[in-house]
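Once you've looked at the hints, dock chain D against the given chain C.
Here is how the chains run, residue by residue.
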Amino acid sequence: MSRPRSDDNSVLLVHAYLDGELDPANALSVAQQMSQEPALAAEAERVKELQNLIHDRLPREAAPPGLRARIESSVGATRHKRAKPSWLALAASIAVAAVVAGTSTWLVVDSRQQPMQVAELLVSDHIRGLMAPEPVDVVSSDRHTVKPWFNGRISNSPRVVDLARDDFPLIGGRVDVLGRTPVSTLVYRRAKHLISLTAVPADSTFAFNGSPQSINGYNIVRWTENGVSYWAISDLEPKELEIFAQLFRTSQNEL
Amino acid sequence: MSITPLRPRTGPNSPEGPPIRLVTSGTQESIGMLDDNARFRAVVLPYIDEAYRLARWLTGNGTDAEDVVQDASLRAFRAIRSYAGGNPRAWLLSIVRNTAYSWLHKNRPTTIVAVDDLEAVEREHVKADDRRDDTPEASLIAKADADQLRAAIAKLPAPFRETLVLRDIEGLDYREIAEATEVPIGTVMSRLARARRRLLETLSQDD
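Line by line, the protein sequences give chains C and D. Each residue of the first sequence is one higher than the one before, starting from 1 at the first, in this note's numbering. Each residue of the second sequence is one higher than the one before, starting from 1 at the first, in this note's numbering.
Same shape as in the complex, but just chain C (with noise of 0.2 Å):
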C-alpha cells in the first residue's frame, strides 16, 4: 500500500475531518475519498488510535496547588495589596516571589495558618512601593504630618524622626499589610535611593528564625526595640543602610 505524502491535500484534510473541522460538504467528500482509499482510510485508522491512546494514558494534569494561589497575590488580587498597586509592582513581586522562595525564614502565620514569609513580603512592599506612581500614601517630609497621619489606620503610629539634617530626608508613609496585619512603612530616601522602613508589632503572630541579609539586591537591616520589630529595606550599600538604621535608632529628632 503506498502511502500518500504528508504534505499531500487528501491526507491533510483526513485530519482535519477527524478534528471535526470540515463543513458539511467538505466532510462528505472526504469521506468518499477514504472508501474508494485504502491508504487514506489507514491514515485514519491509525489517526484515531492514536488519538485514543492519548486521550486515555495521558490525563490531563492540574497546574501545582501554589501556582494560581502565587499568580493571583502577584497580580495583587488577593493579600498583602496596596490601595494603589501598579502592574510595575507585580513584575517586581513575581520575581521576588520566586527568587526568594525557600531562602527567608521569617515566617508570619495568619489565621489560615499559612506560614508567609515577612522578609519576602516587605521586599515585595519595597519594590510595589518604587514601581507605583507613589512610594507613599501620604507624602511629606515632614514627621508631624505623617505619623497623625496613621492613627486611625493602624492600631499604633510609629516611631517617626527626622533625619533630613543626615541626609535622610523622610519621603512619606504607607501602610502595608502582612498576613492580615496592617504595619506602617516610613519612606526615606538617600540620595536616588528609596528606603522602606517597616515597623512590625513584634506579637506571637510573628515567629522568628532569623532573617536573610538580602533578598534579590534588596539589603535588609532589622533590629528590634521596644517590642517592635524594624525593618529596613533598600537598594542602598549595606552599609549605608546600617547607618540609617543607627542614625534612625539614636536620633532625639522624635515627634
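One should not assume that every hint holds.
[Said to hold, decoys possible] For the chain D half of the interface with chain C, some residues (derived, Cβ under 8 Å), not all of them:
(1) D49
(2) Y52
(3) G62
(4) D64
(5) V69
(6) F77
(7) D145
(8) R150
(9) R167
(10) I169
(11) Y174
(12) V183
(13) S190
(14) L192
(15) L199
(16) L200
By construction, these hints were calculated from the structure, which means they are not laboratory data. Built from N, CA and C at the ideal position, the CB exists for glycine as well.
Only chain D this time, still in chain C's reference frame:
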C-alpha cells in the same frame, strides 16, 4: 530572574526631590486597577492549567513550567488592556508559548532550535518523514504505555510538539492553534499531520 525598573522614575524618586503634598486615596486609579484585575481573572486565571501543561511540554519539566507560567502571567497582566476580546485561551497560550521559547533560548541555548529556524527544521523533517515507506498498523501502537507516549511526544521537534499537544491533548480547534502558535491554519494542518505521523512511527518502533 532579575528586577529591572521598567520605566524611568518620576515624582518622589527623581533627583529633584519629592513634591510636598498629601495624597488622598487614588480612586480613579483604583477603579482602573480593579478593572485590570477583573479582566485578568476572567481571561487568564481560568486557563492556568492549560498554560502549565503547555509550558511543561515545551520545557520538559514541571519546575521550569511553573517559572514560565508565572512569567507569562505577568506578561499577560501587562498586556491585559491590549487584549482585544478574542479567544482568551489561545491568547494566553500564545503568551505562554513565547515565554517558554524565550526561557529556553536563555536557559538552554544548546538544545533549543531558534524559532526563526523552525521552517527549516520542518522542511528537513518532512523530507525524512516521506523517505520512510513503512506504514505502521494501528494495532501496533495500542500497546504503548504512558511513559513511552510521553517520551515519543517529547522527542517531536517543538513546532510539531506544540501543535500536537494543543490539538490532541488540549483539544483546541485549528483556528485557536493558529492563533496560539501564530501561524496560518494551513501550517497548523501540515504540522499536525507530520506530528502524528512521526509519533506513530516512534511508537511502532518501540514495540
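Going down the list of hints, with the structure as the test:
For the restraint placing D49(D) at the interface with chain C, the shortest Cβ-Cβ distance is roughly 5 Å, inside the 8 Å limit, so the hint holds. Checking Y52(D) against chain C by beta carbon gives a least distance of about 4 Å; that is within 8 Å, so the hint holds. With 8 Å as the threshold, the beta carbon of G62(D) comes within range of chain C, its nearest partner Cβ sitting at about 7 Å, so the hint holds. For D64(D), the shortest C-beta to C-beta distance to chain C is roughly 12 Å, which exceeds 8 Å, and the interface hint is violated.
The restraint placing V69(D) at the interface with chain C holds, with a minimum CB-CB distance near 6 Å, inside the 8 Å limit. The restraint placing F77(D) at the interface with chain C holds, with a minimum CB-CB distance near 5 Å, inside the 8 Å limit. Hint status for D145(D) relative to chain C: holds, with the closest Cβ pair at about 7 Å, below 8 Å. Annotation: interface hint on R150(D) holds; nearest CB of chain C at approximately 7 Å, less than 8 Å.
Among the interface hints, the one on R167(D) holds; its C-beta lies about 7 Å from the nearest C-beta in chain C, closer than the 8 Å criterion. Nearest Cβ of chain C to the Cβ of I169(D): about 6 Å, under the 8 Å cut. The hint holds. Of the supplied interface hints, the one on Y174(D) holds, with its beta-carbon coming within about 5 Å of a beta-carbon of chain C, less than 8 Å. Hint on V183(D) is violated. Least Cβ distance to chain C is approximately 14 Å, over the 8 Å limit.
Taking 8 Å as the C-beta contact cut-off toward chain C, the hint placing S190(D) at the interface holds, the least distance being around 5 Å. Nearest Cβ of chain C to the Cβ of L192(D): about 6 Å, under the 8 Å cut. The hint holds. Interface hint at L199(D): satisfied, since its Cβ lies 6 Å from the closest Cβ of chain C, which is below the 8 Å cut-off. Against a cut-off of 8 Å between C-beta atoms, the interface hint on L200(D) holds, since the closest Cβ of chain C lies about 5 Å away.
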